[in-house]
Amino acid sequence: MQRVITSFMLLLVLTMSGYAQKKVYVGLGVNRSSFQDQKFSDLHIVGNGLNFQYGIEKLKEKKLVGFDLQVFYSNETPSTYKYSTSVFRPVINYYHLRKINDRLFIGGKWNIADIYLRTTEGLGNNGSYMDFSSNLMASAVYYFPLGKKKLKAAIDLGLIGYTKSSTSFAYKAPHPVLVDGKFNMQNSSINTLMGKAGAEFKPVWDDIRLNMELTYAFSKRLEVCYQWKLRRYSTVKNYPTTYGMNAVTFRYNIKNR
Amino acid sequence: MKQIRILLITVIAAIAFVGCEEALMSPKPKVNNIAVFDEYVKLVKEKYAMLEFKQVDIDALSQRLRKDITNDMSKKELFEKMGEITQSLKDGHSSLLEVPEAQLAETSLASQYDFLKGYPAGFDLETMLRNYIGKDVNKNVNMIPSENGEGVRIAWTTLPKHDNIAYVWVPTWNEEISMSQIEEIFAWMKDKKGLILDMRQNTGGDPELATRFASYFLKGDTKTGFERFKIGPAKGDFKDSPTTLKPAKSENLFHKKVMVLVDRYVYSAATTFCYSVDPLEHVTFVGQRTGGGSGAVADGYLMNGWYWSLSVSEYIDARGRHLDNGFEPDIPVVLDLKDQTKDEVIERAIVELNKQ
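Here the protein sequences line up with chains V and H, keeping their order. Numbering follows our numbering, with no gaps: position 242 of the first sequence is 242. Heads up: take any position in the second sequence, counting from 1, add 1000, and you land on our numbering.
By construction, these hints were calculated from the structure, which means they are not laboratory data. Computed from a predicted model, the values in this text were never measured in an experiment. One or more of the hints may lead you astray.
Said to hold, decoys possible - Partner residues are not named here, just some residues of chain V that face chain H (Cβ under 8 Å, in silico):
1. T80
2. G124
3. S168
Positions of the beta carbon are idealized from the N, C-alpha and C atoms, including for glycine.
Hey, can you work out the whole structure from these sequences and the hints?
Okay, structure coming up:
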């Protein structure tokens, strides 16, 4: 998977640089995140943080193509005790949508890498939770006209994902490794984020991923973007893990032609 | 004006969606004494991997205790009741603490099983320094100090009057020993006729490091037993992971006689080391019964912030022994603490190594 992603990133850089870049932006914003893992607790662990975005987007006559890097950081605590969890989540996306009409674009997004890392104060083996996934998503973008300007609304639904989560029902090892009886101290791939051991393909019905995004340009340079990201999956039946993130990002278009 | 309206729409959308994912989550639990008790019972019942081996009837125990749980009882009273569950597991890896271990104070509420209780000391540092590894008696001691500089990560030397016997002391697996350092130690001991590997006082640390070290003693692929993991909430939700270890890829593997010295402190990752080398014919255990602690540990917080840890697997070795309560060494030797002129365990190991 690492090789696939690296090769694609190189290809992407070459491809995107081939375009007359329509829009290149950077953004900074704030977020609110929440988390519940019913394997361990029913508490809702909630927090606030900061986010960063960098992206390239090309709107052509018949297609909308883009690449973005988003990094989220937040600090979460439950309401009933003081120990906090820091959450770090870098996400890399590439999307390619076909124009259906002047307002609607439909296509796909490759969520190349979605890395979700949690570190909880005071815990030992379960103090760190890691999740890596690479997902294919169905995407739609709709431009609502607002006078001379437009409000861009986007939605992505995960179809299938290649995922690896660090924690099983109880122990800190990927669930498929334990279910297959393959745990071995000498297999370092088990505990590495992108190692093959314990990675699996999960379809939408086993792993719900939903992204929504609203973007409005105040001017040629300045935009505001609101995002909502949701993920819900189960390692063990009836013990789902759910996490979400709401983020508002102010973007500055370095290039916008 | 229109732009302000758009900004408002975005803000309203943001507010509307904030916490939307929380609607999909199960409701926030009510936090009270009964709920905290029930949560802990559920965790032990679903996650603890050795209820059967430890002969704990968690249903009967929790039903008996729950009758006494009220929402107006004090924090201390509740903790004592819940601590009875922890103690019933007789497992040094399973604990219930008012605060995480690193923040424990004398006044903190804590329930941890004392696996050392009732066992005599199997190691005396004073005797070791005076007769074997102190500067006055041995100038050849190599040592990697612990990170804080106050202890020993690993030490290796020959013993006085026994130049051909290597002695390696590993008091912990909790501090990193690099691959190159391991190589250096095994390269040094290559020409020795035998090894005394002193594992006494080693309460564990990193099981991967312990396994890496053990792999230098293997001659070929070695079946060491299996680890039985709890993989679901039901009573029978277990899966065995059989273990076959491969020798280290090194020119410095050690296949001569090895005496592993053990005592009751040998626990957790130190047990991992022991079961990894136990099937080897050239390895013999000398000393006292070990501590065990063979299970992998999971931990977390209860809804009121109390810390819990539980063994969520158990290890059954190649001989079919459940290792969580420790094992008897091949050659039992008790240390005479009154006689500080010699360490009986080391002396017995020397005798064994000098046998043809």
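Checklist entry - Are V:S168 and chain H close enough, Cβ to Cβ, to be under 8 Å, as the hint says? => result Status holds, d = 6 Å.
Checklist entry - Should the hint that V:T80 touches chain H count as held when the rule is a Cβ pair under 8 Å? => result 5 Å, holds
Checklist entry - For the hint on V:G124, does the least C-beta distance to chain H fall short of 8 Å? => result 5 Å, holds
Of the hints listed earlier, there is not a single one the structure fails to meet.
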